[in-house]
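Enquirer: Protein chains in written order, with the numbering used here: chain H, 641 to 812; chain X, 7 to 656; chain U, 13 to 497; chain G, 216 to 668; chain F, 2 to 100.
Hints are not guaranteed to be accurate.
Stated by the list, open to error - From the derived model, a few chain F residues whose C-beta atoms are all more than 12 Å from chain X: (1) N6; (2) L20; (3) G55; (4) L67.
As the list claims (entries may be wrong) - Straight-line alpha carbon distances no greater than 20 Å define the calculated EDC-like cross-link-like pairs of lysine to aspartate or glutamate that follow: (5) U:K441 <-> X:D121; (6) U:K453 <-> U:E111; (7) U:K373 <-> X:D34; (8) U:K443 <-> U:D364; (9) U:K441 <-> U:D364; (10) X:K526 <-> X:E369; (11) X:K526 <-> X:E218; (12) U:K373 <-> U:D486; (13) U:K373 <-> U:E275; (14) X:K447 <-> X:D309; (15) U:K373 <-> X:E217; (16) U:K453 <-> X:D309; (17) U:K373 <-> X:D309; (18) U:K443 <-> U:E367; (19) U:K441 <-> U:E367.
Everything labelled a hint here was simulated from the structure, so no lab data went into it.
The beta carbon of each residue, even a glycine, is placed where N, CA and C say it ideally should be.
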Amino acid sequence: MSWGLAIWAATVAFGAAILAVTRPSAVHALLLLLAALISLGVGFFAMAANFAGAIQLLIYAGAVVAVFVFVVMTIDAGDEAMAAERELLRHAWRWPALIVGLSVVPVIFGIGGGAMGEGDPAPALASDLGLLMFGDWSAATELITLLLIAGMLGVRHLGRKLGPRLRERNPE
Amino acid sequence: MLAYLLLLVPLPPLGGFLLLALDPYRLDRRPVLALSLAAGIAPLVLFLPLAIAYFTGAVGDMIAPAFTLNFGQYEVALAMQLDPLSAIGASTVTVVASCVMIYAADYMSGARVADLRRFFALMNLFQAGMLSMVLAADSIVFFLGWELMGLCSFFLISYNMTSPRAFAAGQKAFVMTRIADAALLAGLLLLFLEATSVRMDELIPAGLAAEESRAAIIAVLLLVGALGKSAQLPFQTWLPTAMAGPTPVSALLHSATMVAAGAVLLARFAPLIEATPGVAAATAIAGVATALFGALCAIAQTDVKRLLAYSSISQIGYMLLAVGMGAPGVAMAHFVIHAFFKSLLFMAAGVLSHAGGGSTAIEKLRGTAYVAPISFATYTVGAAALAGFPILSAGWWSKEAILGAAVEAGPFGQFLWLVALGGAALTGVYAYRPVLCALRKPLHDAPKGHESWLAVAPLIFLAIMSVLGGYLVEPIIHEMGGHAPHAGLGIEVMGALAAITGLIGSVAVTFIPSWNARIKRARRLRAGMQMDAIYYAFLVRPYRRIVRLLSGRDGRLGKHIGEGPEAQEGGMGDPVGTATVVFGLWLARVVTAPFMPDRFDTVIMRGAREAQRAGLWTRRLQSGRLRDYALGFALGLGVLVILGWGMTWG
Amino acid sequence: MGLSLQILLPFFGGLAVLFAPRFGRDYERYGTIAVMALTLLVLIFSALNGDSGRWLQLVQADWAPSFGIQVLLAMDGLSAAMLAISSILGIVCVFISWEVTHRSAMYHAVICWTVAAANGVFLAFDLLVFAFFWELMIIPAFLLIGLWGHGNREHAAMKFLVFNAVAGLGLLAAVFWMGATAPEITFDAFVLSEAGYSTPVQVILLLGFALAFMVKLPVPPFHAWLPDAHTQAPTAGSILLAGLLLKTGAYGLFRFPPLLFPEGLMAVAPYGMALGAFGVVYGAILACGQVDAKRLIAYTSIAHMSIVLMGVCGGVHFALAGAGVEMIAHAFSSSALFLLIGALQHRTGTRDLRELGGLQKTAPAFATSFAVFFAAALAMPGTANFLGEALVITGMFQVNWAFAAIALVSLVVSVVYATRLIGAIVFGKPKSETAVFEDLKPYELWPIIALGAGTIVFGLFPQVLIGWLRPAIDAALLPLGVGAP
Amino acid sequence: MTDGSIWSVAPLVLLGLAAILAMVLAPIQPTPRVRIAAALPMALAVIILLARLGAPEAPVSMLLADDGMARLGSALAAAAGLGILSFTRTICTGREGPALVAIAAAGGVALASANHGATLFLGLELTTLPMVALALMPRTEAAVEAGYKLFLIAGVGAGALLMGLVFGFGASGSLRLDAWSVDGPVAAIGLAFVLVGLSVKFALVPFHMWSPDLFAGAPAPVGAIAGSISKVAVAIAALRIGLSLPAPEIWTLGLLLAGGAAVILGNLAALRQDNLLRMLGYSSIAHSGYIALVLSVGGELMGETVLVYVASYAPAIVAAFAVAGLMGTGTRLEDLRGLAWSRPLAGVALGVALLSMAGLPPAVGFVAKIYLFSTLAGEAAWGPLVIAAIGSALGFAYYLRFAVRIFTAPRQPAPRATLNRADAVAMAASIALLITLGLYPEPLTSLVAASLP
Amino acid sequence: MTALNILLVLSAGLFLAGLFGVAARRTLLMQLISLEVMLAGPALGFIAAGAHHGSIEGSAMFILVLGLAAAEVALGLAIYLHMRRATGGDSDAATRLRG
């Protein structure tokens, strides 16, 4: 349980995230996102949440970002798209930065300074997690599956060829 | 038991009225005439035995209660009574009414069936009204009869539907008599409050017992009521114009019964009048003044009916003089005699004018004496009674009684006697004018026409009564409890001399061309001293101006209210009403403009515009661009987090 | 039970009538008559075997206890008379609108609902329910004028709605304030009458109530809506308006001020009488200036109702009895006059007095019935109107002679406008419009006979009527501590 | 799993079953039959919930509370879901419509009975994602755009909620809502984040921007879900948080600011709207504002007022959307002219719904308004009282504008369109509910009083 | 300033970075990426708090967050592909619904 390594990994992830968000090119952003997620995974291992770390690396960094890469590959995000993006970005970031900055100050001082109460750090064992997820939290597990089903239903419908009636309703 | 017969007296004419007015069986001409006559004469048939029994002492005073009403703790018993005044009044009314009904049956034979039915229905209703007034034992039935007469006179005067003049005359008559009725009602109600009962025999003592000022006010109100109904001085202008009605109406209503009802009223409440000396004097003065005024105006008339109308006014003036002098009995005697000869004069004049080509102008009557001899003869007898031809005519006896009563009433009475004497002389002058005119040769075409026996029969009867009536004066006065005034031989001789000078004057006026011309030129006198014009200028026109001002007919008020029917011409002005609307609009505009979901859309649009501008601002906020939504989110987050953090400092 | 039927029967009857045309032609008319007749029968039945105490019938059941609202219906002589009038006028309305075909099912339903709402007002003694029915009453009348009126009907209907709704606010404000400040939230009129408010508070609350009643009465200066509403309303609308809605104002004045704010009423009474006196003269003068027949009768209604206001404020036994009788007499006479003018307009298409005339020749039955109600309009003795006015004048003599004099003036001025009305319509030569004029049809004649009989019978034999009103009058006088002088 | 707790979890299970059943049957059976298959378990869930209103508490797990509020909220959510099912037609919501509605109802039930961070988060997301999916169903450009806007803003909102839970978890060590200590800055900021998360779903200003576009663009069921299920559930969750936490300043102040702004902005923006759905969107923002004001003011009547307001708003919005669904998403003010004559049942349903939302006497909205104003006046909170008064006055203006249009005479007599039975039943039920409760509010008031501690 | 404070600040930082990304970037894809970054924030926060307090609920909540992220990616990309055809992937062009 080494807090130093965890903090170090988190700062790397934060830096990667900042860069990902500000790069004009989609591909660079995607790679930086991947880097951030991987470093988070390392942080989880550092905090002895091994199962979470594994899940993070395998599913989040692996599968989820893989889908992103697949989508980015299908569309040709060529350089003129990048130029257009840089153009769009240049004069559009001032206001958002200011407004989001509003809540940075209270977060840093409020959270940073806040008393957290001493906790007894203990490694998060996968067995306890299993017991919890299918014991007390069985309702939550059911609900998250329902959530995924909802997402799946939506995606499946969007993907389907338009039925005859629907096509005549919206010709495009 | 006999008392309930009393209740039956006014019922037949009432029944006649209902049958004729509602006409459930669609009667034809003949049945209508038959029914009217039956209903008209039935009260005479019913009442005469009662009257005779009463006068001969076979049956005493009696009261027939109809039904009782209770208002809260007051018991109000409506009833009819038989006492000297009601007996005399009722018998006169029934006799005269029967004569007029018979006369009318012939006179009106030319009218359409529908008009005939309407005419006789109203005549019967009138008779029911008059009888119930005379026989009433309580103030409510009295006032009911009183007002019913007013209503019938309105409809009868304007009987000739199509002529606007008749309607105007009817309306004027109804309004003026109604003013008097309002005063009478006030008096009766005040009396009721004094006596907490409606019965006459309790009202009068309560009126006497009332304290000074209230008794005076009540007496004055009763006097005004009488003056109005009997067309005495301040209210006399409606009677001459009322001649627009058919002759039988004039004969019954405007000579014998309705117009004289004022005298009956004063006779009924005589104790109250006498109790307050001021009012008694006022009654006498009003009477004498009207008598003089009536006589003067009558002289200048060119129309025989207007002449007779003014003569009715002056004769009733005499009755009021009698009551003023404290001799109601004498007044009632003159009422009876006057009823006979005045209705005779009207009916005879009617026949004569028919004979003289239909117009009632005196000039047109020339030569009718020879065409309708009987009616001319009866007219002459009537004129003699009117003028008070000594000894022979009944008029002389009743007038002498009045003059005698005036003389006996002390120095003030003697002065009034002198004036009354002058009046009597003038009466003589105008009374014989139509008679003498009828005797003259016709100017050009000889008048033709005939006299049917149906019309003439009542004339003859009345002529007889106008002569023999003198014998009735003494008993009537005694019946009424007064004493026959014997003012000594000198006064009677003076009276006779006045009558004779009247006759001579009349001959002079008719036959001396210069005097005749002066009468023709006396236009102001003919128009009743222009009293009519004066009333119109000072009363009617200002009232009309107020009405037009308030009802906005002059458009001044109507225009500025803006849209809606207020602006259109005609009866929309109503300042007080529109004031509230204008105030409401102003209030709406100032206070509740944006929220008034109402037709005042000008207000709404102004209110809505401010809300709309605010609405547009918010909708611009909703730009549709997702990034702005995210910015909004970030802003909200920032504010809340700062607040949250700030809170924990404290 | 009989009482709640008085309200529910016409209401659900109205609903049933809505669907009646499906069953056959004119079924909605027979349906409405049946409903009204049934309501009348139930009324007579419950009135006859009512107990002899203060109230003939009393129904008390709570409706929404959490808000302190309860169904509190009570009936005594006065409200029984009013309910009878509303049912009778309902039947009369159906008879005279026999030729109305435009949406006639809805038309008859609205008539039923007006009667239902008016019955609600006459019976409710829970102030909130009373205020509810008071506001509810405006809607059917608004529809009646707005949808079936003629000429500039939207303007008139809107003016009627605004006047009455705004006035209703006064009533609502007072009721809510009283209900809220009562120890435990209640709107029961009897409980609130013992609430013992101080005199100034009573005066303010009384003004709130009076505002609503005086607009409905109507008394100048709140009367601007009446002439417009009457001229644009259909005949049945005018009859319901004149015969029923005006009476609710009078009934309200008769019932609640003495019950709830006796001291307030005694303080305000002189001003009330002065306003009434002004109204009498003002209404009468304006009536003389009118060109439109219905407008003329509308202004006479204002004059007559001002007399009722004077009577109620008189605080003396005679004045209150006179006000009660005048209310009922006016219901009969003004409804009949509106009926006749409505029939006249139906045939000739105009109400302008300058274009009418000569009906005596062409329609004698019409002329005769007009004459009867002409007599009633100018308060001829023998008609109930005279009795009402005479009693009020007697009461005024006991209170203040000036007001009595003014009331007498109204007797005289009433002759002027009455003769002007009958002169323009019945007398004179028949003009182009009135040349061809078929006489009254049976369905118009029977209501006239009924209303005429009502006026004459109560005029000649008022014993029945005054006996009925006695308990209500004594109750109204009791709190004033006046009792019988 | 004591026997009592079986009944307490039964509704959630039944709704999950309904969702699965609908999903399975979707490709095989025609949609009406799928709708009935989904409707039956839902109806059973509603019945169980109403039956157990008085029963003793038997929480099945630490995640789901089982008190009166939860049951009433769940019942309302499930009933609203049932109502929405009636007008989820295949044309606008595809074959997967009923399944998504069932999922949303399950989410509503979970959120209503959430007293733990996890169920609060899951409930919130379970009501949002089906709405996004449903919004996408017609695949028209407008619908997809609306869906995307909802997707993104709701995603951001969920992120904020999670951050709030993280801070709360960090500060107090437990995710149970009633275990939060509110003294430190961390917990306060955490509560702020949670409030932001909830406000997004509650569509309070400035987080409301997705709502009008969603109502206007997406098919009717989506708006109905947003207006009824999600508003009911979020209101009860917020109520539960408000009741369990000892009056933190940020919570009341935040709700006051956001709520007040929502009332003013929602009403003003709705004033000149001609599109029915957009007007309903803005007015739903306003109604969330009223509830937020009540939550911020507090007082012993707060619970009853929120429950009565929500109970009176849900049927009204479902009825309004049933009619809007019938008439297509682009219905403008003009299209409503004479609706009462061309489609009597739909016209009356929409008319009564609008009257109830405006708060006029015959409908139950009037009772809700009485509760609202008596709470605000009772706590002498003059600011919110004035705002609420101005808001409802403006509300009269635009609601009556639409309501009057329905009852005015149509220019040309439109043909009488026939409703399918499900629509007719839903509309009739909502009219009956709104009017009877409006005239005789006793059952509702006693039910609400019983369900509160 | 315990380790947890720093970690929580960093997780808030991640969240705010994601929020900045959504607010600033116009293309749909970048907004979706920023959304993923935003959801990474709480993931870190839950794990850190769970570790600090030794409670397994952190990891459980992490799994829930993960589930949500997965569902959102799926839906987001599906919408992105569909909207690319109409508005060329630019979120500012998608303003049919406004006012």
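Enquirer: It remains to establish, for every hint, whether it holds in the given structure.
Expert: For each hint, the structure was consulted:
no. : hint              : in the structure
1   : N6                : holds (14 Å)
2   : L20               : violated (6 Å)
3   : G55               : holds (26 Å)
4   : L67               : holds (23 Å)
5   : U:K441 <-> X:D121 : holds (14 Å)
6   : U:K453 <-> U:E111 : holds (11 Å)
7   : U:K373 <-> X:D34  : holds (17 Å)
8   : U:K443 <-> U:D364 : holds (12 Å)
9   : U:K441 <-> U:D364 : holds (16 Å)
10  : X:K526 <-> X:E369 : holds (11 Å)
11  : X:K526 <-> X:E218 : violated (50 Å)
12  : U:K373 <-> U:D486 : violated (50 Å)
13  : U:K373 <-> U:E275 : violated (57 Å)
14  : X:K447 <-> X:D309 : holds (19 Å)
15  : U:K373 <-> X:E217 : violated (55 Å)
16  : U:K453 <-> X:D309 : violated (46 Å)
17  : U:K373 <-> X:D309 : violated (30 Å)
18  : U:K443 <-> U:E367 : holds (7 Å)
19  : U:K441 <-> U:E367 : holds (11 Å)
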